[in-house]
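Residue numbers (our numbering), protein chains in the order written: chain C, 1 to 144; chain B, 1 to 144; chain H, 1 to 76; chain A, 1 to 76.
Worth flagging that the hints you see were computed from the coordinates, not collected in a lab. Treat each hint with caution, since some may be false.
[Claimed, not checked] With a Cα cut of at most 27 Å, we get these calculated BS3-like pairs of lysine-lysine:
no.	chain 1	residue 1	chain 2	residue 2
1	C	120	B	140
2	A	52	A	12
3	B	106	B	128
4	B	90	B	28
5	A	12	C	106
6	B	90	B	128
7	A	52	C	140
8	B	128	C	140
9	B	106	H	52
10	B	106	C	128
11	B	90	B	106
12	B	128	C	106
13	B	106	C	120
14	C	28	C	90
15	A	52	C	28
[Said to hold, decoys possible] Chain C is faced by these chain B residues, among others (derived, beta-carbon under 7 Å):
no.	residue
16	24
17	41
18	45
19	89
20	92
21	109
22	140
23	144
[Stated by the list, open to error] Stretches of chain C that chain B covers, calculated by requiring three or more beta carbons in the stretch to come under 8 Å of a beta carbon on chain B:
no.	segment
24	9 to 17
25	55 to 68
Backbone N, C-alpha and C fix where the C-beta goes; we use that ideal spot for every residue, glycine too.
Residues per chain are reported as follows:
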Amino acid sequence: MGIEILEHAFDPWQAVADYRSNHLARSKSGASAVFVGTMRDFNEGDDVQAMVLEHYPGMTEKHLQALVNQSMSAHNLDDALVIHRVGELKPGEDIVLVATFSAHRKAAFDACREIMEALKSTAPFWKKETLASGERWVEKNTAG
Amino acid sequence: MGIEILEHAFDPWQAVADYRSNHLARSKSGASAVFVGTMRDFNEGDDVQAMVLEHYPGMTEKHLQALVNQSMSAHNLDDALVIHRVGELKPGEDIVLVATFSAHRKAAFDACREIMEALKSTAPFWKKETLASGERWVEKNTAG
Amino acid sequence: MSINVRFFASLKERIGSATLEIDAQGITTVRDVWTSASGQEADEEMLVAINKEYAALDRTVADGDEVAFFPPVTGG
Amino acid sequence: MSINVRFFASLKERIGSATLEIDAQGITTVRDVWTSASGQEADEEMLVAINKEYAALDRTVADGDEVAFFPPVTGG
Numbered sequence: 001m002g003i004e005i006l007e008h009a010f011d012p013w014q015a016v017a018d019y020r021s022n023h024l025a026r027s028k029s030g031a032s033a034v035f036v037g038t039m040r041d042f043n044e045g046d047d048v049q050a051m052v053l054e055h056y057p058g059m060t061e062k063h064l065q066a067l068v069n070q071s072m073s074a075h076n077l078d079d080a081l082v083i084h085r086v087g088e089l090k091p092g093e094d095i096v097l098v099a100t101f102s103a104h105r106k107a108a109f110d111a112c113r114e115i116m117e118a119l120k121s122t123a124p125f126w127k128k129e130t131l132a133s134g135e136r137w138v139e140k141n142t143a144g
Numbered sequence: 001m002g003i004e005i006l007e008h009a010f011d012p013w014q015a016v017a018d019y020r021s022n023h024l025a026r027s028k029s030g031a032s033a034v035f036v037g038t039m040r041d042f043n044e045g046d047d048v049q050a051m052v053l054e055h056y057p058g059m060t061e062k063h064l065q066a067l068v069n070q071s072m073s074a075h076n077l078d079d080a081l082v083i084h085r086v087g088e089l090k091p092g093e094d095i096v097l098v099a100t101f102s103a104h105r106k107a108a109f110d111a112c113r114e115i116m117e118a119l120k121s122t123a124p125f126w127k128k129e130t131l132a133s134g135e136r137w138v139e140k141n142t143a144g
Numbered sequence: 001m002s003i004n005v006r007f008f009a010s011l012k013e014r015i016g017s018a019t020l021e022i023d024a025q026g027i028t029t030v031r032d033v034w035t036s037a038s039g040q041e042a043d044e045e046m047l048v049a050i051n052k053e054y055a056a057l058d059r060t061v062a063d064g065d066e067v068a069f070f071p072p073v074t075g076g
Numbered sequence: 001m002s003i004n005v006r007f008f009a010s011l012k013e014r015i016g017s018a019t020l021e022i023d024a025q026g027i028t029t030v031r032d033v034w035t036s037a038s039g040q041e042a043d044e045e046m047l048v049a050i051n052k053e054y055a056a057l058d059r060t061v062a063d064g065d066e067v068a069f070f071p072p073v074t075g076g
């Protein structure tokens with residue numbers, strides 16, 4: 001299992017390729033499901049110029065590990081990788097990567113979505129957006 | 001929309017990264033969902049040494065275009081990419097990539113899975129496996 | 001006045017050829033094409049395409065059509 | 001004999017500090033920690049963690065605990 005909190009921009013596709021070649025027997029896991037969330041330049045009707053992502057160092061990693069572990073057991077995954085940005089972001093930068101690896105596609109799909117939904121509803125991250133008119137905290141995530 | 005039938009090995013993660021940078025406004029599509037299917041070295045309890053993937057040139061592309069189009073409309077996607085190998089494959093090589101791009105994660109997840117299931121149950125591809133004991137056609141895909 | 005018949009995968013091996021051209025004379029449906037081209041009973045699991053689109057065994061065929069027969073698909 | 005209190009995101013701005021140390025004397029539950037540290041009524045949407053694990057407002061706290069308060073999460 002890989003859990004990373006990054007303070008700098010990252011390439012999620014390169015990260016998946018690297019993780020797969022370093023950690024997985026490629027001919028074992030027939031199914032890889034991946035979700036990537038990218039910062040948009042609009043939200044709730046407003047142009048967003050930048051964003052700051054805050055987290056709770058220590059708790060965030062621990063919480064992500066627990067929820068990924070639970071999904072890995074529930075779906076009998078071979079492996080999973082979660083990467084999440086923190087700090088200052090610009091539109092177009094990637095925020096989150098969830099990748100799941102399994103022998104079967106149902107497990108990979110189900111677990112990828114489950115981890116992503118659990119992350120959005122429970123992992124301690126908070127977004128503050130910079131608009132032309134000033135800053136605002138995002139108050140709540142939308143349901144998936 | 002991108003549909004590719006390839007006779008040579010490909011890097012699905014590079015393909016997604018390239019497609020995204022060439023075809024998508026990155027700060028528009030906040031959600032990317034990707035599935036990659038990889039050739040395993042076992043199937044139905046047997047070691048598989050190699051595989052030949054046959055398709056119906058002309059019909060396969062047309063059929064994939066139709067099913068991706070339908071999913072793009074149904075889920076209001078920004079874009080989608082499907083790549084499928086044909087010809088001779090070795091274990092560990094990637095067979096299929098389905099990537100969907102949307103403003104919202106629900107649409108990206110739903111469409112990625114829907115396209116993958118439709119591809120597996122209706123797109124004209126056929127697998128023949130090479131075992132130690134000889135060759136055999138795969139008779140039916142398992143449900144997702 | 002002919003129908004272009006194509007076979008794929010295990011059906012191609014069973015029939016022993018990938019393409020056949022058959023006389024359209026006396027042919028009405030896809031089922032007639034199969035019987036004429038294969039000399040066998042139609043297998044209900046078999047899939048059919050007319051001019052590269054899925055079709056049913058009882059669909060009417062026309063002169064010059066490309067009619068393809070193949071087993072259940074196994075891609076992805 | 002103290003509790004380490006932490007605030008995050010909009011709560012941190014509202015309270016005006018990220019960390020506080022409060023005397024554990026007279027403190028039984030997380031709710032007591034909040035009232036003592038913030039001087040405000042507890043907001044039921046607020047989330048709580050004790051020693052970096054989610055907890056409820058009525059949970060008992062112990063001397064030396066790290067008690068964190070934060071708004072609904074918005075990552076991903």
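How the hints compare with the structure:
Of the pairs offered as hints, the one joining residue 120 of chain C and residue 140 of chain B is violated, with about 37 Å between alpha carbons and a cut-off of 27 Å exceeded. With a CA separation close to 17 Å, the supplied pair residue 52 of chain A and residue 12 of chain A stays within the 27 Å bound. For the proposed pair residue 106 of chain B and residue 128 of chain B, the alpha carbon gap of about 35 Å is over 27 Å, so the pair is violated. Between residue 90 of chain B and residue 28 of chain B the alpha-carbon distance is near 37 Å, which puts this suggested pair outside the 27 Å criterion.
Of the pairs offered as hints, the one joining residue 12 of chain A and residue 106 of chain C is violated, with about 42 Å between alpha carbons and a cut-off of 27 Å exceeded. Between residue 90 of chain B and residue 128 of chain B the alpha-carbon distance is near 12 Å, which keeps this suggested pair within the 27 Å criterion. Proposed proximity of residue 52 of chain A and residue 140 of chain C is supported: the alpha carbons are some 21 Å apart, at most 27 Å. Restraint check for residue 128 of chain B and residue 140 of chain C: the C-alpha separation of about 50 Å exceeds 27 Å, so the hint is violated.
A threshold of 27 Å between alpha carbons decides the hint, and for residue 106 of chain B with residue 52 of chain H the separation of about 33 Å lies outside it, so the pair is violated. The suggested pairing of residue 106 of chain B with residue 128 of chain C holds, with an alpha-carbon distance near 23 Å, which does not exceed 27 Å. Only pairs whose Cα atoms come within 27 Å are accepted, and residue 90 of chain B paired with residue 106 of chain B is rejected, the gap being roughly 34 Å. Distance hint between residue 128 of chain B and residue 106 of chain C is fulfilled; the C-alpha atoms sit about 23 Å from each other, no more than 27 Å.
For the hint linking residue 106 of chain B to residue 120 of chain C, the alpha-carbon distance of about 13 Å falls within 27 Å, and the restraint holds. A distance of roughly 37 Å separates the Cα atoms of residue 28 of chain C and residue 90 of chain C; the hinted pair therefore is violated under the 27 Å criterion. At roughly 36 Å between alpha-carbon atoms, residue 52 of chain A and residue 28 of chain C are farther apart than 27 Å, so this suggested pair is violated. At its closest, the beta carbon of residue 24 of chain B sits 9 Å from a beta carbon of chain C; the interface hint therefore is violated under the 7 Å criterion.
With 7 Å as the threshold, the beta carbon of residue 41 of chain B comes within range of chain C, its nearest partner Cβ sitting at about 4 Å, so the hint holds. About 13 Å separates the beta-carbon of residue 45 of chain B from the nearest beta-carbon of chain C, more than 7 Å, and the hint is not met. Given the 7 Å rule on beta carbons, the hint for residue 89 of chain B is violated: about 11 Å separates it from the nearest Cβ of chain C. Against a cut-off of 7 Å between C-beta atoms, the interface hint on residue 92 of chain B holds, since the closest Cβ of chain C lies about 4 Å away.
Interface hint at residue 109 of chain B: satisfied, since its Cβ lies 5 Å from the closest Cβ of chain C, which is below the 7 Å cut-off. Proximity of residue 140 of chain B to chain C is violated relative to the hint, the smallest CB-CB distance being about 15 Å (cut-off 7 Å). The closest approach between the C-beta of residue 144 of chain B and any C-beta of chain C is roughly 5 Å, which is under the 7 Å cut-off, so the hint is satisfied. Only residues whose C-beta sits within less than 8 Å of a C-beta in chain B count toward coverage, and the segment 9 to 17 of chain C has 5 of them, enough to reach three; the restraint holds.
Coverage of the segment 55 to 68 of chain C by chain B is violated in this model, with 0 residues showing a Cβ closer than 8 Å to a Cβ of that chain against a need of three.
Comparing the model with each earlier hint shows violations of hints 1, 3, 4, 5, 8, 9, 11, 14, 15, 16, 18, 19, 22 and 25; every other hint is respected.
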